Structures are given as structure tokens and as C-alpha cells.
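Once you've looked at the hints, dock chain B against the given chain A.
Just so you know, the protein sequences line up as chains A and B, in that order. Numbered per this note's numbering, the first sequence spans residues 1 to 239. Numbered per this note's numbering, the second sequence spans residues 1 to 239.
Simulated from the structure, these hints should not be mistaken for lab results. Here the structure is a predicted model, which means the values were calculated and not measured. Cβ coordinates follow ideal geometry from the N, Cα and C atoms, glycine included. Any given hint could turn out to be false.
Just some of the chain B residues that point at chain A, by a computed CB distance under 7 Å [as the list claims (entries may be wrong)]:
#1 V101
#2 R110
#3 M133
Below, each chain spelled out in residue letters.
Number of protein chains: 2
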Amino acid sequence: LSERSVSVGKLYLIPVGLGGEDDSSLLPKATRDATHGLRTFVVENLKSARRFLKAIGHPVPLQQIEMHVLDEHTRDIEPLLRLLASGADCGLMSEAGCPAVADPGAALVRRAHAAGVAVVPLVGPSSVLLALMASGLDGQRFAFHGYLPADAAGRVRRLKEIEVQAAAATQILIETPYRNTALLRSILDDCRGDTLLCIAVDLTLPTASVATRAVAEWKKKPPDLDRRPAVFLLYRDSS
Amino acid sequence: LSERSVSVGKLYLIPVGLGGEDDSSLLPKATRDATHGLRTFVVENLKSARRFLKAIGHPVPLQQIEMHVLDEHTRDIEPLLRLLASGADCGLMSEAGCPAVADPGAALVRRAHAAGVAVVPLVGPSSVLLALMASGLDGQRFAFHGYLPADAAGRVRRLKEIEVQAAAATQILIETPYRNTALLRSILDDCRGDTLLCIAVDLTLPTASVATRAVAEWKKKPPDLDRRPAVFLLYRDSS
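Extracted from the complex, chain A is given alone in its bound form:
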């Protein structure tokens, strides 16, 4: 579909693990092979990116690998784009899971398209997708909202809007792990008792658990989610 000059680099989108010990067993061979072939990376977090490359046995010493940061504080992505324009193949990595989903990487991918750079998405773990699969909720129609507002009033207002939409499609939310308890409390306090809530926690870790119950059921025995990576999904049966 695309026309581009041969001198432009490709941008590989590399999923990384979800915080467990063994990233390597969660990564397909095709993803590992493509990553092994790269020497230049754009990463959300330097430390986790280095740990990941080590875990998947990257054949080049880390000191010889070029890493550039693209995180929520990055204002100017032109230098990153120039890397690609200069002909270097680059790998884009998020701190966890898939790049360009719920992280700042999408801006670079979009600019890459505009510059005629080929974009190659690779297969790997995504907590959002795993949670959706495992929820048992509507997988034909769903919406992802990312993070809700951090202030309590804004969060409740947004949550009520989302609960209305949950009558037509599965609604997916995430939160930074130290705010999970506050988000769970909002859901249990402010959503209707018969709204279905799926909580998917510690996905791909030995302590992983996914459960789908009515809000009223969860209220009887709320789980402890403090500082555990979690995905929340809401759905209302139409009747």
C-alpha cells in the first residue's frame, strides 16, 4: 500500500513483558528474531528496556546499542524521526506490553507513516487484550478509555458516563497500580449493583487472576489490588 524510498528505516513495534520474571517465554520467535536484528531503539523507560533486551538474549552488548527515550515528558519527536529518515531501522518499546497502546509511542508511529517509514507491528503480550479475552464480556464491541481523571469528582463523573456506555459494549479501564484501590472503591460505590465488573490482575504472572462478577457481589468481598497491575472491565446486560 505504501510507496517509499529504500533508504528510509523501518519502525518495528516491539511488545515487552508485563512485569514478570520470564519475558522470553511470552515472546514469539518472530518477535525475538526481529528485535535481535536491531541496534537502535526508542524506549519509554531505559532501565526496563535494557532488562528486556538482556532477558531475550540480544546478541549485541548493551553498550553498543543506541537508545532514545520517548516518554510522557518528550516534547519534540523530530530527532527520533530523523533517525528513521537517516535509514536506521528502529524498535519502539513501551515500559510494559504493547507500544503505542496507552503509552506515548503512537505519536512517533503516526509521524513515521507521514514520512513514508514502514511500520512493522510484532506479536506479544498486551494486558488489555488478555483481560478482554478472559473477561467473557462482549468481545464483538468494546471500548478502551485508558486512565480516568485522578481527582475523585472527575473520576466519578467519567465512570458514570462509561457505565451508561457499558450497555452497548464492554468498557475497559486501567489505572496506575498505586491508584487501583481508589478506582475499585469508586466502581463499587458509584456503579449499579447489577453492572458486571471483570477484574484482571497480575496477568502473565504466577499470581494472575481474572474474575467477572456483579458489582454487588464484589462489594461483599473486595479484592486487595494495591500496587498490582490490573485491568477493569464493565458491562451491562441488555434486557
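Below, chain B alone, put in the same frame as chain A:
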């Protein structure tokens, strides 16, 4: 999070390839190992499920593997649930990509939760997720609509609603490959020229391509998508 008796089976959600030659290289070791351990499967399509198990080197001869069909024609899933209740671990497989996303599997997963069966999602390819990553469009907010109505009038009406929502979040559509040309024509004819359209086609295949352009640009040279698996994504910049 869940309490269940030890005699109940687990339900493993097994992603399969997206139609290419080499499913095995797209599957992480953890997914392959879990699948190798199973003898009972609930599958959307018998033929593709058998081909998949062969491709990933399942250690048990296919004749000794128990397969049950769960597809769009399945009306009664109770027998499948009884399998799990009897203590058998089962694997759930879609015809392509991730089970319980845009396929009939979610109903079984939901019933499994209600019956106290542990649900274990495994990592693997999803064309929807790969397309979203590679689109460069908003990955912080997105919605998936599955298939649009097959009749032209219904499709156009739905498409216009979706285009409105594309101002707040990336909108993701799929179509059965033989209807791709009709859907593309609808998008090019009925959406605004400055709406961004990403077309992700043949993902994970050697002919894979992802491109994001304004509808007006696509109109100048529409791609041939006939019978190629494709994902369509729409987005409108707020201004």
C-alpha cells in the same frame, strides 16, 4: 480472587495464527507449552484447529484429541460447560487470532466464570491489536465495532455514526475479506476527506502492510483489498 473446588477444569484461551504459513513462530513458548498440555479443545473451526495443533507440534496424535465446535451456529453451550465441570482442562480456539474477541467464544468464557472455572488467557497474535499499534492513531482511547451491517444502507448509517465518534477515539472495524472492497468504497464515498483512515492488511504475512492517510488521499489510489484480511481504523484530529 476466585474460590473454586479443585475438581473443576481450567479454560485456556489460545490465540492461533492469522492465516500465514508459520503459526509456530508467532506463538510464545508459554502459549505453546500450555497448549501441548491439553487434550480437549473447543474450537471455532475443526480444520483450522487441527492444522494449528500440527503446526505447533502438539505431542499427541490428532485422533486422540477431543474437539468440540463452538461457532456462530452453536445454540447450546451447556455440554461444553459440563466438560469443564467434569474436571477436564480445555483450550478455546478461534479460527484466527484471539478467542473471545470478535468470535462466538466469549459466551463460554462468561459461563465459565459463573461456574467457578479458572480462565487463563494466553499470549498470541491479534489482528485488531497489531493494527491499532501500527496505525499511529490514538492508542489511549479506542473502540472496536466488529462487523458493520451487511446491507448498504445500514452500513452507511453506522459508518457515519462511527465517524462522529472518531473525533474522540480511534474507531476500529473489521469485515469478512470478500466484503472488504464494499466497505472500503463506503468509507471513501461516505466519510469526510480529512478523516484519517488506517488500512492494515495481511498482518503477520509476508505481504503485510499498514498505512495511515486522509480519506481524500486514499481516494486518489484505492488499494486492492479483495479477499485479503484487513482491519480498518478511523480517526479525526480535534482542532
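Structure-based check of each hint:
1. V101: With a minimum Cβ separation of about 4 Å from chain A (threshold 7 Å), the hint on V101(B) holds.
2. R110: 3 Å, holds
3. M133: Holds, because the Cβ-Cβ distance from M133(B) to chain A comes to roughly 5 Å (cut-off 7 Å).
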